[in-house]
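Trainee: Please build the complex by placing chain V on the supplied structure of chain P, with the hints as guidance.
Read top to bottom, the protein sequences are chains P and V.
Mapping to the working numbering: the first sequence position 113 is 113, numbers consecutive.
Mapping to the working numbering: the second sequence position 65 is 65, numbers consecutive.
These are computed hints drawn from the structure, not numbers from a lab.
Treat the hints loosely; a few may be bogus.
Unchecked claim - As a list, the in silico DSS-like pairs of lysine-lysine whose alpha-carbon atoms are at most 25 angstroms apart:
{"no.": "1", "chain 1": "V", "residue 1": "90", "chain 2": "V", "residue 2": "44"}
{"no.": "2", "chain 1": "V", "residue 1": "59", "chain 2": "P", "residue 2": "23"}
{"no.": "3", "chain 1": "P", "residue 1": "27", "chain 2": "V", "residue 2": "79"}
{"no.": "4", "chain 1": "P", "residue 1": "23", "chain 2": "V", "residue 2": "79"}
{"no.": "5", "chain 1": "P", "residue 1": "85", "chain 2": "P", "residue 2": "74"}
{"no.": "6", "chain 1": "V", "residue 1": "3", "chain 2": "P", "residue 2": "27"}
{"no.": "7", "chain 1": "P", "residue 1": "79", "chain 2": "P", "residue 2": "23"}
{"no.": "8", "chain 1": "P", "residue 1": "55", "chain 2": "V", "residue 2": "44"}
{"no.": "9", "chain 1": "V", "residue 1": "59", "chain 2": "P", "residue 2": "12"}
Spelled out, the chains give:
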Amino acid sequence: MHNNLINKYIKKVTKDMGSDQRKEVSKELEAHILDSADAIAAEKNVKVDEAIIRKVILRMGSAEEVAAMYPIEKTFSDKALDTLKDIGRFAIIFLIISVIIWNVLRIYIKDLPFDTVTIFIFLIVFMILFSIHMISRFKIFSKYFKET
Amino acid sequence: MGKVFEKFETEVKRGVLQLGVICLLDKEQYGYEIIKNLNNVGLKVEEGTLYPLLRRLEKDELLSSHWETSGPRPRKYYKTTDFGKEIRFKWLISYKSINTAVKRLEDNIQGK
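Just chain P, with the same shape it has in the complex (with noise of 0.2 angstroms):
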């Protein structure tokens, strides 16, 4: 029926949250915007029309607003899911600054040799660079954990 504007509002409100969170508040979420629609339809004796939906998301308030109200719960496998693309988007930068540190290095050492220790230094220096980053990265986590 009007399930466009309800769903384009519940998917904005739910975007940063884990799968099953997400699920169970779109569920909630347009239970309520149905309800009220159907109270207002009701006072005025007429049926639920796309005038009334539009008067009940703009009373529910900003979608980024409410979103924001929602406290943070990422399962395992949400955080597993962010954990691989990081590991991906770390991994292709550090290819890309690996070739042009080797470039780089191959015009002051002309005979440069590409065997498995250069590699394996290589993958331990990324080893330790991505760790860093790591350990960061959960210290701005935890940091959000305390304020919701």
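Mentor: Frame of chain P, contents of chain V only:
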């Protein structure tokens, strides 16, 4: 003037609303009902504010909830837990003492 007033009201209401909800929910109710009942006693609730608050109270184990799917649409019912009732008792005392303090301060203004 309007903005200053609103900001104050939002800040005060955040706490009072939590108290209102755990006082109201001795009998289980769903979101829309809660808003209506709080409005009926004179506590105006912005509709978008209540649901995040319910979620927070549930996360803190002051409320428990379950889904009821037998009605016209699925609804999430909330109820105050035993822990919620303990906290409610303490919150009420704290709220009353704040109220008394404000009353004294107000009396001082009028006494001038």
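Trainee: Each hint should be assessed against the structure and marked as holding or not.
Mentor: Now the hints, each set against the structure:
1. Straight-line distance between C-alpha atoms of residue 90/V and residue 44/V comes to about 23 angstroms, which keeps the hinted pair within the 25 angstroms bound.
2. Under the criterion of a C-alpha separation no larger than 25 angstroms, the hint pairing residue 59/V with residue 23/P is consistent with the structure, at around 16 angstroms.
3. Between the alpha carbons of residue 27/P and residue 79/V the distance comes to roughly 19 angstroms, so the proposed pair stays at or under 25 angstroms and holds.
4. About 21 angstroms separates the Cα atoms of residue 23/P and residue 79/V, which keeps this hinted pair within 25 angstroms; it holds.
5. Note on residue 85/P and residue 74/P: the hinted pairing holds, with a Cα-Cα distance of about 15 angstroms set against a maximum of 25 angstroms.
6. For the hint linking residue 3/V to residue 27/P, the alpha-carbon distance of about 33 angstroms lies beyond 25 angstroms, and the restraint is violated.
7. For the suggested pair residue 79/P and residue 23/P, the alpha carbons sit about 17 angstroms apart, so the restraint of at most 25 angstroms is met.
8. A distance of roughly 17 angstroms separates the Cα atoms of residue 55/P and residue 44/V; the hinted pair therefore holds under the 25 angstroms criterion.
9. As the CA atoms of residue 59/V and residue 12/P are separated by approximately 22 angstroms, the hinted pair is consistent with the 25 angstroms bound.
Hint 6 alone, counting from the list given before, is not met by this structure.
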